[in-house]
Amino acid sequence: MAGEATKALSNDVLWGGGRSPFSISYGKMMMWFFLVSDALTFSGLLVAYGFVRHATTETWPIGEEVFRALPFLTGSYPLIYVALMTAILIFSSVTMVLAVEAGHRMDKKGVVKWLFLTVIGGAFFVGSQAWEWSHFIHGSGGYITMSDGAKYWVHNDTHDTHDPANAPGFHLVKAREGHYLLPDESAHHLDHEGSLKLWNERVDYVDGANMTRNEYGPSQYANFFFFITGFHGFHVFSGVVINLIVLILVIKGVFHRRGHYEMVEKAGLYWHFVDLVWVFVFTFFYLL
Amino acid sequence: MERDDIIEYSLDAHHSEEAGRKIRRKIWMVTLVMAVITTVEVALGAYWKEWFPSSWEAVKLGYIVLTLVKAYLIVSIFMHLGDERRNVRSIILLPYALFILYLLFIAIWESNYVNMMLEQFQ
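If you read the protein sequences in the order shown, they are chains A and B.
When we follow our numbering, the leftmost residue of the first sequence carries the number 1, and every step to the right adds one.
When we follow our numbering, the leftmost residue of the second sequence carries the number 1, and every step to the right adds one.
Please keep in mind that the hints were generated in silico from the structure rather than gathered at the bench.
Note that the structure is a prediction, hence the values are computed from the model and not measured.
Heads up, some of the hints might be wrong.
Unchecked claim - With a Cα cut of at most 30 Å, we get these calculated DSBU-like pairs of lysine-lysine:
(1) K22/B to K7/A
(2) K26/B to K28/A
(3) K26/B to K113/A
(4) K26/B to K7/A
(5) K22/B to K113/A
(6) K22/B to K109/A
Can you build the whole structure from these sequences, using the hints too?
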């Protein structure tokens, strides 16, 4: 990067007044200050998650077991969907930095091309998150609890959770101790009659996820999922809107007339920050 | 209104076609590194745990290290903080580090205690 920041200036000149000692424009500096405060907010959320998870004595759900579905496919693909979302966001970050680079060369066509791809990537990410939320809320069938504390997973062909016992293919599978989502390996799928008998003797049925209970683990697990990924998703959504507005201004030639594309750079800082937060959410919420 | 008493830093952030080619090569290199890191992370999560369950704690530490590497690349290269003056880097990173290191310390310390109490009295 060229410009004032790369010039070797003595402290007397830098701090002598009449200029910014940081060699950075007001707008960029304020964007950085905002990002620091936003980073503190997200860190607070992730640290709170770590606190609850470390303090709890209940079994905490495992990321690979909760997030292992792909749209339109059956079977188990641990974390593949989340990894795809991460890849989409990282690549939209790359297109953003390429838009900033094109701006530094006053290459309007390049800025439009890369910024447009960034908007598309961001929109894909928000859409993916909507699917993941939907899948998380609906769950995979839920489980019933018996009076002796034993848990059974509920299966049926149509993934009906309102009246699962009357849905075709209804049967139960014993859940494995210490895992919320995996069936007991030694247990076979119970037959229809035995399943119905257990179903009628159930003391509790939990399916999907809401703010008070969920089929994955302690209620805080879903609460943190909704809050952290929701807060981040809202940032992505605002980022897409901001990028779109900047893109329209670029197309109208506003920044070209101004003589520099710093607005793309500032929007880019925010967009990279959103990517940065997701890197941490990915590690601390999904992987660990 | 144009003011001529302020240096317009935004105006001289431009670079030449030659410098741009160099920067783009750097960007694609960083992209490659980050893609590899993410792939490794997912592969570790999906397969390593089943094959070598005893080393899982070490893998978790590795995750944190890899995440910090990615964070460094994003902040330093994509956000250009590495290209700014040292005093800019300091005023951004030091206040953040001050708060978060303390927050981490207090959260780990206190959650240990809460966990101990729950184990004892629940």
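Taking the hints in turn, this is what the structure says about them:
The hinted pair formed by K22/B and K7/A meets the criterion: a straight-line CA distance of about 19 Å does not exceed 30 Å. With a C-alpha separation of about 23 Å, the suggested pair K26/B and K28/A falls inside the 30 Å cut-off, and the hint holds. Proximity of K26/B to K113/A is assessed by CA-CA distance (about 20 Å); at most 30 Å being required, the pair is judged to hold. Restraint check for K26/B and K7/A: the C-alpha separation of about 21 Å stays at or below 30 Å, so the hint holds.
Taking the CA atoms of K22/B and K113/A, the gap is near 20 Å; set against the 30 Å cutoff, the hint holds. The straight-line distance between the Cα atoms of K22/B and K109/A is roughly 20 Å, inside the 30 Å bound, and the hint therefore holds.
Violated hints are absent here; each numbered hint is respected by the structure.
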